[in-house]
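Novice: Residues per chain, in single letters:
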Amino acid sequence: MNDLLKMTAVEARAALEAKSISAVELTDAYLDAADATQALNAYTEVTHDKARDMAKSSDQRLAKGEGGTLEGLPVGVKDLFCTIGVETTACSNILNGYKPVYESTVTQNLWNDGAVMLGKLNCDEFAMGSANETSARGAVASPWTVSGDDQDYAPGGSSGGSAASVAARSSLFATGTDTGGSIRQPAAFCGVVGIKPTYGRCSRRGIVAFASSLDQAGPITRDVADGALMLQSMVSHDAQDSTSVAEPMPDLMAGLNDGIKGMTIGIPAEYTMDGMDSEITSLWEEGRKWLEDAGATCVEVSLPHTQYALPTYYIIAPAEASSNLARYDGVKYGQRVDGDSLDDMYAKTRAAGFGDEVTRRILIGTYVLSAGYYDAYYLKAQKTRRLIQNDFIDAFKTVDALLTPATPSAAFPIGQKITDPVTMYLNDVFTVPASLAGVPAMSVPAGLAKNGLPLGLQLIAPSFREDTLVKAGRVVEKAAGFSAVAARAAGQ
Amino acid sequence: MSVDKTTVSRVARLARINIDDDRLEPMAQELSSIMNWIEQLNEVDTDAVEPLASVTGHALPMRDDIVTDGEMADQIVQNAPESMSGFFVVPKVVE
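First to last, the protein sequences are chains A and B.
All residue numbers for the first sequence refer to my numbering, where the first residue is 1 and numbers rise by one.
All residue numbers for the second sequence refer to my numbering, where the first residue is 1 and numbers rise by one.
No lab work stands behind these hints: they were computed from the structure.
Incorrect hints may have been included.
Stated by the list, open to error - Covered, in the sense of this in silico footprint (three residues per stretch, anywhere, with C-beta under 8 Å from a C-beta of chain A), are these stretches of chain B:
1. 24 to 33
2. 54 to 63
3. 82 to 91
Quick caveat: nothing in here was measured; it's all calculated off a predicted structure.
For glycine and all other residues, C-beta sits at the position ideal for the given N, C-alpha and C.
Let's have the full structure, built from the sequences with the hints guiding it.
Specialist: Structural data, given as structure tokens:
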């Protein structure tokens, strides 16, 4: 079993093709791993029967030589993706019991390519959080531990269950969604690879909406090659998402090992903050050297509006959320609390169904959109967003990609930051700008902090240049030689 | 911009979320601290800047105004807390 869990997705796919393993064996190993690591609370539901049925079908297709690109590979699905007949609640009580009658486009793409569904993964409620602590299904413990410290550490968020399960080897890879860093920050905290593609690459149909102008799905995987393999399957042009784009995706696997010789990589001066760990700064400098050793030229660049990205995000994202979450009214799906009138029923249902952070963001969003404040806040934020996007457009006139830290610190113990919303928001200070600009970005595990927790570096590329992203990511990955395995991973 | 209890009450009413009286003051403080932190945007000169609503800049696609699905009332009400004969049931709104 341990040998099965050690394989990357690319290796497992080759072993399946060679018939040296079967999809059922591989799936059973992951189902056992999911059960064995239950204490982490990464899964909200393990779909044993569905997984075995899908694995059997995969074995039949493999036997006929008809296997898809992901045939027989077991994947965990963030609870934000609608999955037919399998409870989908965005980890919110307001959606308790909701079983979608349709499948999200992204997960359907994975099934069409032969992937096997292991179950649903824990996340922050409606993807609003940076530690997976706002989930109505409870916090997720990172499989990483600090020696001499018995506290559970946060896996990051909002795709905390996804990153934790990939790091814990209870899923071979997992889907995530990223609105302001929800793929990249947990990937960095858990020592795995997370890619947020260009806005519009992945259809948003069937993904529970948080902030529609920012939400993007992407893969969380063990390494960069797995990320390229999975992303290629997730993306598609979808007439049912009007913001989905038709630009063809380059073949990411084909160019993966082409290297970055001759490329220019920008090092943005503004990606630093007061009190940032010196370990992060050193790692960033090391990353720059790795890229130079691989034949790239690194240059200083300036993205002058970076510091305004986070406050801009905390107007735009709550504003869109307050509008998107208006649909949870106790009428069409989920929970209802009876009231004296229709209005009373709405207000009681929503008070009972939403957690504290979601309520806070709906109130902020409602406030900044309300009469008299719209221009001062929402319009102001949309204008600042334009300046932030222009910073990236200008930078990419002279550089092929940017290298930054993924997070300002390593993971923190569960419960430490939840008391202060603004401190929690600062986790996303390096990931939010690329979200606002819509450009693709990824985090790659690059080293360990002194306390043994993983640290990541972030690469950012121009829109639709995921090919550049994975090439540079592969260089960082090779140079970093990150091989540590989490102490609480299955089989450890 | 500091947010007071009355404002929290008003906004909660607009958002259709009941907030208990003893939560109004703490919520006002939380929202004030977030809104005060957001105030730093006032430093940014945005006078000649067009607001950005869509990062792709693509015009939304148009399609023919024809029915592409339907006949699925049972599926649509399947997750409703209360439904009857293919309709959602809500508290009485007209006397």
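Novice: Decide, hint by hint, whether the structure agrees.
Specialist: Outcome of the hint check:
1. 24 to 33: holds (count 4)
2. 54 to 63: Per the Cβ count (7), the hint holds.
3. 82 to 91: holds (count 4)
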